Amino acid sequence: MLSVENINQYYGGSHTLRGVSITADKGRCTALLGRNGVGKTTLLKCMMGVLPVASGKILFDGADITKMSPHARAQRGIAYVPQGREIFPRLTVEENILMGMATKSSSHAGRINGEVFELFPVLKEMLGRRGGDLSGGQQQQLAIARAMVAEPKLIILDEPTEGIQPSIIKDIERVIRMLRERGDIAIVLCEQYFDFARALADQFVVLSRGAVVRAGTRAEMEGDEVSELLSV
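Under my numbering, think of the first position of the sequence shown as 1, with each following residue one higher.
The hints are simulated quantities; they were obtained by calculation from the structure and are not laboratory data.
Here the structure is a predicted model, which means the values were calculated and not measured.
Careful, some of the hints might be misleading.
Taking lysine-lysine and the DSBU-like style, the derived pairs with C-alpha atoms no more than 35 Å apart in a straight line are [what the hints assert, rightly or not]:
1. Lys124 <-> Lys26
2. Lys124 <-> Lys153
3. Lys26 <-> Lys170
4. Lys45 <-> Lys153
5. Lys57 <-> Lys124
6. Lys67 <-> Lys26
7. Lys45 <-> Lys67
8. Lys45 <-> Lys26
9. Lys57 <-> Lys67
10. Lys170 <-> Lys124
11. Lys153 <-> Lys57
12. Lys45 <-> Lys170
13. Lys45 <-> Lys124
14. Lys153 <-> Lys170
15. Lys45 <-> Lys57
16. Lys57 <-> Lys26
17. Lys26 <-> Lys153
Per label pair, the in silico range of CB-to-CB distance [stated by the list, open to error]:
18. Lys67 <-> Met99: 17 to 27 Å
19. Phe117 <-> Ser167: 16 to 26 Å
20. Gly13 <-> Gln165: 37 to 47 Å
21. Gln165 <-> Asp61: 31 to 41 Å
22. Tyr193 <-> Ala219: 13 to 23 Å
23. Glu115 <-> Glu86: 14 to 24 Å
Positions of the beta carbon are idealized from the N, C-alpha and C atoms, including for glycine.
Use the sequences and the hints to build the structure in full.
Structure below.
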């Protein structure tokens, strides 16, 4: 579904991504791991087109999207849940969800798919509340729901557990597992915590200083070596 091939990216004089390659397949979860500041969010923004790449290629569903705008990528079926959630605090929960349907045709853009409320039943009870009045965990659920109403082929999640209470983390884990088991969507999960990612992911990529230093399946990523790469 997604293939990032040997991309390089620079920020000023800093070489932020160094020949990074990563794939994401339909029905599977790819975990992107690494300490803070190693380039994980930069890589996700390159996938979404928020940041340009200096060299390399990004393919999605068989097409070269390396130079496409974020809007064009969203129309093709890529959804991005950024770190920090970035919901609209003054809009209601319902309005926030409807914003996720901006890429859909006008005949469908005003109807929220009931599946969203199956994934996050708490949101159905809060449709009239402002996004800024929700707890951090509820805002994270809202951000994922906003991405899901676009019916993406690929969803990119940037540290969805950051600053979230344990009970909500369990809900988010449940939703990611449901999406993976559904089999029709590819998932890229960016995480700092190996234990959360290990419970969900099929394949793993570890970044350090902008480069891939370890990659493999769940069976290949057990042991203390990976934990040492992620420890602060």
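Note to self: Check whether the Cα positions of Lys45 and Lys67 lie no farther apart than 35 Å.
What the structure shows: holds (13 Å)
Item checked: Cβ distance range 17 to 27 Å for Lys67 and Met99, holds or violated -> Holds: the Cβ-Cβ distance is about 26 Å, inside 17 to 27 Å.
Check: Okay, Phe117 versus Ser167 on CB: inside 16 to 26 Å?
Finding: The hinted range 16 to 26 Å holds for Phe117 and Ser167, with Cβ atoms some 19 Å apart.
Notebook entry, point to check: Is the straight-line distance between the alpha-carbon of Lys124 and that of Lys26 35 Å or less?
Noted result: holds (28 Å)
Next item on the list: Below or equal to 35 Å on CA atoms is what counts here, so check Lys57 against Lys26.
Entry: holds (19 Å)
Margin query: Just to be careful, I want the Cα atoms of Lys153 and Lys57 compared with a cutoff of 35 Å; is the pair within it?
Written below: Holds: Lys153 and Lys57 sit about 19 Å apart, inside 35 Å.
Margin query: Need the status of pair Lys45, Lys170: alpha-carbon distance at most 35 Å?
Written below: holds (26 Å)
Margin query: Hinted pair, alpha-carbon criterion (35 Å max): Lys67, Lys26. Please report holds or violated.
Written below: Cα-Cα ~23 Å, so holds.
Checklist line | Pair hint outcome, Lys57 versus Lys124 [Cα-Cα no greater than 35 Å] | finding: Not OK: Lys57 and Lys124 at ~40 Å, beyond 35 Å, violated.
Note to self: Run the distance test for Lys170 versus Lys124: straight-line Cα separation, threshold 35 Å.
What the structure shows: This hinted pair holds, its Cα atoms lying about 19 Å apart.
Check: How does the Cβ-Cβ distance of Glu115 and Glu86 compare with 14 to 24 Å: does it lie in that range?
Finding: holds (23 Å)
Checklist line | Status of the given 31 to 41 Å range, CB of Asp61 versus CB of Gln165 | finding: holds (36 Å)
Consistency with the previously given hints fails for number 5 only.
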